Amino acid sequence: MRRPRSSEAFKEYSYVLKFRNSEKIVRKIEGNLGRVALIFPNSYAIASGSLAWSWVQTLLTERGLNVQRFFYESWFARFYSMEDQIPLDEFPVWLFTLQFENDLINVADILVKKGIPLSVFERQPYHPIIIFGGPVMLFNHELVDEIADFVFVGDLECSIDEFSEALRFDEKDDIIRHLLNINQICSRKYGKLKFSNCIGNLSPVPVAHFITPFSPYKNKLLVEIGRGCIRRCAFCVTGYTKKPVKFASLDEVINVFEKHKGYEYGLISATITDYPYLEGLLDYLEAQNIKFSVSSMRADKINKRLLMLLKSTDHHSFTIAPEGISQKMRDIMLKDLTTEQIVKTLKLGREVGFKHVKFYYIIGLEEEDESDYAEFFDFLETVVDMGYQEVVISVNPLVPKPFTPFADRKMVEKREYEEKTKFIRRNLPKKVKADFESYKLSRIQYELSNLKGPQTVVYLRQIIKTEK
1 MRRPRSSEAF
11 KEYSYVLKFR
21 NSEKIVRKIE
31 GNLGRVALIF
41 PNSYAIASGS
51 LAWSWVQTLL
61 TERGLNVQRF
71 FYESWFARFY
81 SMEDQIPLDE
91 FPVWLFTLQF
101 ENDLINVADI
111 LVKKGIPLSV
121 FERQPYHPII
131 IFGGPVMLFN
141 HELVDEIADF
151 VFVGDLECSI
161 DEFSEALRFD
171 EKDDIIRHLL
181 NINQICSRKY
191 GKLKFSNCIG
201 NLSPVPVAHF
211 ITPFSPYKNK
221 LLVEIGRGCI
231 RRCAFCVTGY
241 TKKPVKFASL
251 DEVINVFEKH
261 KGYEYGLISA
271 TITDYPYLEG
281 LLDYLEAQNI
291 KFSVSSMRAD
301 KINKRLLMLL
311 KSTDHHSFTI
321 APEGISQKMR
331 DIMLKDLTTE
341 QIVKTLKLGR
351 EVGFKHVKFY
361 YIIGLEEEDE
371 SDYAEFFDFL
381 ETVVDMGYQE
391 VVISVNPLVP
401 KPFTPFADRK
411 MVEKREYEEK
421 TKFIRRNLPK
431 KVKADFESYK
441 LSRIQYELSN
451 LKGPQTVVYL
461 RQIIKTEK
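Here full-length UniProt numbering is used: position 202 in the sequence shown is 202, and no number is missing along the way.
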């Protein structure tokens with residue numbers, strides 16, 4: 001790609017190039033058929049922390065396609081690809097991986113900046129083919145069916161050969177015709193409303209092809225060992241949509257480690273402590289002195305050995321998600337976690353030398369009362385008394401999601417949420433720091449998760465108009 005001449009374009013080009021140059025390519029992948037844009041509509045840090053951004057590119061490129069990655073910043077205008085710094089509008093096929101509902105706001109911004117109507121029914125033949133995939137499609141594919149030419153529902157691995165074959169064609173009509181033959185694809189625009197998901201597996205084991213210091217998993221190679229969640233927490237859509245749960249076999253995971261010796265790893269799963277071969281995995285990691293991070297752990301399944309291994313690999317803190325501020329609230333949330341189990345894990349943490357701990361909480365349920373908050377503050381005092389030097393709590397309002405037991409609940413109103421957060425701030429023990437999720441962003445997530453078809457386009461147009 002020739003360097004841009006304008007200062008603004010060069011600034012954007014250089015910004016993308018900075019991240020590209022930061023990446024150490026673990027496994028070289030190349031394809032030369034077609035030109036496909038794989039867009040993660042969020043920052044580079046968020047994108048590089050998602051294995052999907054790398055794995056989807058790997059699957060398609062291994063089948064000969066020229067797939068280039070894109071990420072998003074609100075100030076971007078040209079949108080240059082990571083690999084060759086090619087502007088987005090030179091790609092005839094755009095694949096959006098939607099990991100979070102709120103990223104749809106960024107998708108809308110990209111489309112508007114590129115002069116593409118939000119409604120698929122208002123576009124011209126010269127506009128790119130726009131395809132959506134990702135976890136959000138599992139519980140509300142209709143959210144984007146007025147925006148997307150095609151929606152891919154479920155695991156890409158199941159239909160990767162047919163999908164890759166469709167994208168090989170040069171002519172738009174040929175691509176469209178072949179995409180319509182894929183069972184996992186639906187399209188409101190082309191009248192294909194029926195689709196079927198599939199029961200895939202994690203063989204081969206999904207693994208990233210690059211590492212970067214800008215990822216949340218700093219310089220660690222991402223490896224997916226589990227997909228879906230065996231739990232059924234009332235507030236979380238994952239346990240109700242990503243079914244059946246899939247786990248990579250221990251032998252195949254170890255083969256990944258053997259193939260990529262010398263790296264540190266980020267192990268991706270809904271919670272590593274539900275991995276059925278955990279002890280064998282820890283045996284290998286310990287014997288080979290491999291450093292690793294985990295995406296999530298269940299407090300009732302954490303053992304001293306796991307904490308010791310994390311501590312020995314330069315972890316300075318660990319994270320627990322009690323979610324409910326009291327035992328009563330956890331029971332209502334179907335969290336299936338007791339205060340005693342949490343305290344036991346915290347004691348183990350201190351025994352192995354951890355001085356920092358983080359907790360995730362959800363507030364704003366109608367059943368909350370003063371006694372729940374009293375229990376909450378007493379618990380935090382107990383944590384401080386254990387000797388933890390830094391205690392961080394992340395507090396979020398409940399965002400009811402479709403297909404969960406909380407689907408019919410209403411989200412807490414802004415004023416009530418703000419009153420609760422102020423009350424928490426006033427009563428926090430010393431040494432406890434609190435981060436509160438933005439009510440505005442949570443409200444947008446709640447509203448988006450319940451929209452369908454034309455409603456989404458109307459909503460996005462209003463958001464864009466408001467933010468201008």
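Treat the hints as calculated values from the structure; they're not laboratory data. All of these numbers come straight from a predicted model, not from anything done at the bench. Glycine is no exception: its CB is placed at the ideal position from the N, C-alpha and C atoms. Be careful, since some hints might not be right.
To be verified - Computed spacing ranges between beta-carbons, pair by pair: (1) I29 <-> K301: 32 to 38 Å; (2) H315 <-> N183: 18 to 24 Å; (3) N183 <-> K24: 36 to 42 Å; (4) E418 <-> N102: 18 to 24 Å; (5) D378 <-> A287: 23 to 29 Å; (6) G453 <-> E258: 47 to 53 Å; (7) S14 <-> T338: 32 to 38 Å; (8) D385 <-> N289: 33 to 39 Å; (9) I464 <-> K218: 32 to 38 Å; (10) E351 <-> E8: 50 to 56 Å; (11) K24 <-> D336: 48 to 54 Å; (12) D385 <-> Y15: 45 to 51 Å; (13) G200 <-> R3: 41 to 47 Å; (14) C198 <-> E8: 40 to 46 Å.
Status of the hints after comparison with the structure:
1. I29 <-> K301: 32 to 38 Å: 35 Å, holds
2. H315 <-> N183: 18 to 24 Å: 43 Å, violated
3. N183 <-> K24: 36 to 42 Å: Taking Cβ atoms as reference, N183 and K24 lie about 38 Å apart, which means the hint holds.
4. E418 <-> N102: 18 to 24 Å: Since E418 and N102 have Cβ atoms about 20 Å apart, the given range 18 to 24 Å holds.
5. D378 <-> A287: 23 to 29 Å: 42 Å, violated
6. G453 <-> E258: 47 to 53 Å: 48 Å, holds
7. S14 <-> T338: 32 to 38 Å: Since the Cβ atoms of S14 and T338 sit about 52 Å apart, the hinted range of 32 to 38 Å is violated.
8. D385 <-> N289: 33 to 39 Å: 35 Å, holds
9. I464 <-> K218: 32 to 38 Å: 34 Å, holds
10. E351 <-> E8: 50 to 56 Å: Given a distance of about 55 Å, which is inside 50 to 56 Å, the answer is holds.
11. K24 <-> D336: 48 to 54 Å: 40 Å, violated
12. D385 <-> Y15: 45 to 51 Å: 46 Å, holds
13. G200 <-> R3: 41 to 47 Å: 42 Å, holds
14. C198 <-> E8: 40 to 46 Å: 45 Å, holds
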